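From first to last, the protein sequence lines stand for chains W and F.
Numbering (my numbering) for the first sequence: 1 to 387.
Numbering (my numbering) for the second sequence: 1 to 387.
To be clear, the hints were calculated from the coordinates, so they are not data collected in a lab.
Among the clues, some could well be false.
A pair holds if it fits inside one copy or across any two, identical chains being indistinguishable in the list.
For lysine-lysine, the following PhoX-like pairs were computed, each having C-alpha atoms within a straight-line distance of at most 25 Å [to be verified]: (1) Lys245 with Lys299; (2) Lys53 with Lys211; (3) Lys336 with Lys240; (4) Lys120 with Lys11.
Source: prediction; values computed, not measured.
There are 2 protein chains.
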Amino acid sequence: MNTDNEKTGEKGSVSIVETKYFRTDSPFILESEAILDELTIAYETYGSFNREKDNAVLICHALSGDAHAAGYHESDEKPGWWEEMIGPGKAFDTNQYYVICSNIIGGCKGSTGPGSIDPKTAKPYGLDFPVVTISDMVNTQKLLIDFLGIKKVLCVSGGSMGGMQALQWAVSYPDMLASCIPIATTCRHSALQIALDEVGRQAIMADPNWKNGRYEPGKGPSGGLSLARMIGHITYMSDKSMERKFGRLMKKKEYGYDFTGDFEVEGYLQYRGDSFIQRFDANSYLYITKAMDYFDLQKNERLCDSFRHVRGVRFLVIAFSSDWLYPPYQSKEIVKALKLNGIDVSYCEISSDYGHDAFLIEFDEETTLIRHFLERVRHNGKNSTAR
Amino acid sequence: MNTDNEKTGEKGSVSIVETKYFRTDSPFILESEAILDELTIAYETYGSFNREKDNAVLICHALSGDAHAAGYHESDEKPGWWEEMIGPGKAFDTNQYYVICSNIIGGCKGSTGPGSIDPKTAKPYGLDFPVVTISDMVNTQKLLIDFLGIKKVLCVSGGSMGGMQALQWAVSYPDMLASCIPIATTCRHSALQIALDEVGRQAIMADPNWKNGRYEPGKGPSGGLSLARMIGHITYMSDKSMERKFGRLMKKKEYGYDFTGDFEVEGYLQYRGDSFIQRFDANSYLYITKAMDYFDLQKNERLCDSFRHVRGVRFLVIAFSSDWLYPPYQSKEIVKALKLNGIDVSYCEISSDYGHDAFLIEFDEETTLIRHFLERVRHNGKNSTAR
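Starting from the given sequences, assemble the full structure and let the hints guide the process.
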């Protein structure tokens, strides 16, 4: 697909897009050995296949993301969550690549999750939905990739939990992957990361409207979910970015000497919490954070051993200096383990004050790094085919 | 008071102690201009006055502390919260100093607070209790110091919110103070610190048992208070100390694939939350965190201007390298502002992995620093009297 942007080199948008649905009635076996009798995966695609179908890029989303990574849904004012990174002339250049993004299993944006109807009961699964893992997310994406007729993915990438999926892809399906760009992520959740997820879950489960997960649509534990999101938001920013954005700015002219909230930062958190409950399901929040906590590429072996079959995949690992939720040292552990296997890996720590959120903000540096990396991967791929 | 410890130089305990109560029926005017018609302040003292009554050391406690800083209450197995620092031969050496610690106004350990009986209604104040500030805490301590007949306090010290009180003492009553040791603290809560307090408060206020603060004793918002404490606990530790203590250690043999908690760190947080609700009042938690959020020595002027009347006071400022709740840069801001006023200040950043909790753990280094500092303050005081 040639576009104006391709000629001018300017960045553009993939414009109007639609979410599509992949469905299968084949039983899907989860890592827990639980079985789902049917499975739906919501996904979007941007750009076109080349003749060889070897230009596919799979984007994996984070906790609160969805399949709508770029472009605009008809009548929506806001674009997809990584619009700045996906499109003509952008990091994941839709003039060159066929970009795919799917909603994770366990989510609440079109893929099968705890809010879906359980065929056995004709009611929402609730907590009867089996606990899913990062591997399960990747295995559903593998079904989708097969369905799309792709033999080898040029690149899988994502930030935060998206990065975990990218890493899991490399470990689970190294032969189906040319390259991997994990961003602001880790190969295993630390005690601190588990602890932060757990307080979010406790906030939801303590809400009387949660009812052990058996709430009716629209009558869920909105207070608890909002609080979980507020806690999350604090961890996505940095001390410095919060200080710059809010400092001690006040909502009121003077101290109110009450508990209605005096400071801008309090109002902001409340706003972020309130808007989150409009678009997210509390049970999905439980399932997705649990999947992250269970994520551990290392398990009982050395991390470098987990990567021993990954040799054919090339890596670009990106971290952000002020990210205290997924600190750069965790990315460096990944890099070291890859290096110990002689794997081709580039590492870049982007200097940023934006904390973990930086992967959704620092587009310029990410774009430059990713564009160059993908060009190298593509050309080396062609060269090695030619040889 | 000569003790065996004084002769041998060994460290000992002040042994059995009792909480005392200072009461006044004079109206107490708060910073908010609200008035309390009566006031009780719980306090303990350890050691004895010297002849000149110039050996008093005032210890200020943090969020969840109380007047019981050292020694043992009759039949109690656990000593006071800073037992390792206060006693014969210790940092605050009761062979030399008359050590005082009082429970803050707004607290729930014997001093007047939201759980106290409102004389107007003969019921607990609840949210009718006026919002208190760090200044108010210090002003009640001033009443107590006057009542004890002390003209000048040798030293005021405390960690975290205790450090805020110590700093406020220096600013409010510089002529009554020879020295000040603020530990792991700040001169103003940052946006991050306010945000973390706010999610704790939201957790409490979202609990249906909170009932706008009008809960009966024993029927309070224990779930919300427990959650607030869990959030707090995460911030008191460091990534490294959590990793060392828990890592990915599991409570179960294998992943449970449910939401009952798989990891040791989850069980630990739950335990800390559950034990906190046995000993703390939810409304007090709201009032005390609000006081911290309001704390701002700087307000609309430059910080160094806030300290311009403090010249006669000597300072030892202590921070801990891994403390991300009250990071060392905040202590350095205090030091700089003091230095700009030509004030005598020593700064020490203790290298520790324990995060904010370090002020309750790193006793050896704290002890050495504080002992030497206090000796210097005491001897310089004598010298200047002799001159």
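Now the hints, each set against the structure:
{"no.": "1", "hint": "Lys245 with Lys299", "in the structure": "between (39 Å within a copy, 18 Å between copies)"}
{"no.": "2", "hint": "Lys53 with Lys211", "in the structure": "neither (48 Å within a copy, 61 Å between copies)"}
{"no.": "3", "hint": "Lys336 with Lys240", "in the structure": "between (29 Å within a copy, 19 Å between copies)"}
{"no.": "4", "hint": "Lys120 with Lys11", "in the structure": "neither (48 Å within a copy, 69 Å between copies)"}
Hint check: violations occur at hints 2 and 4; the rest are consistent with the structure.
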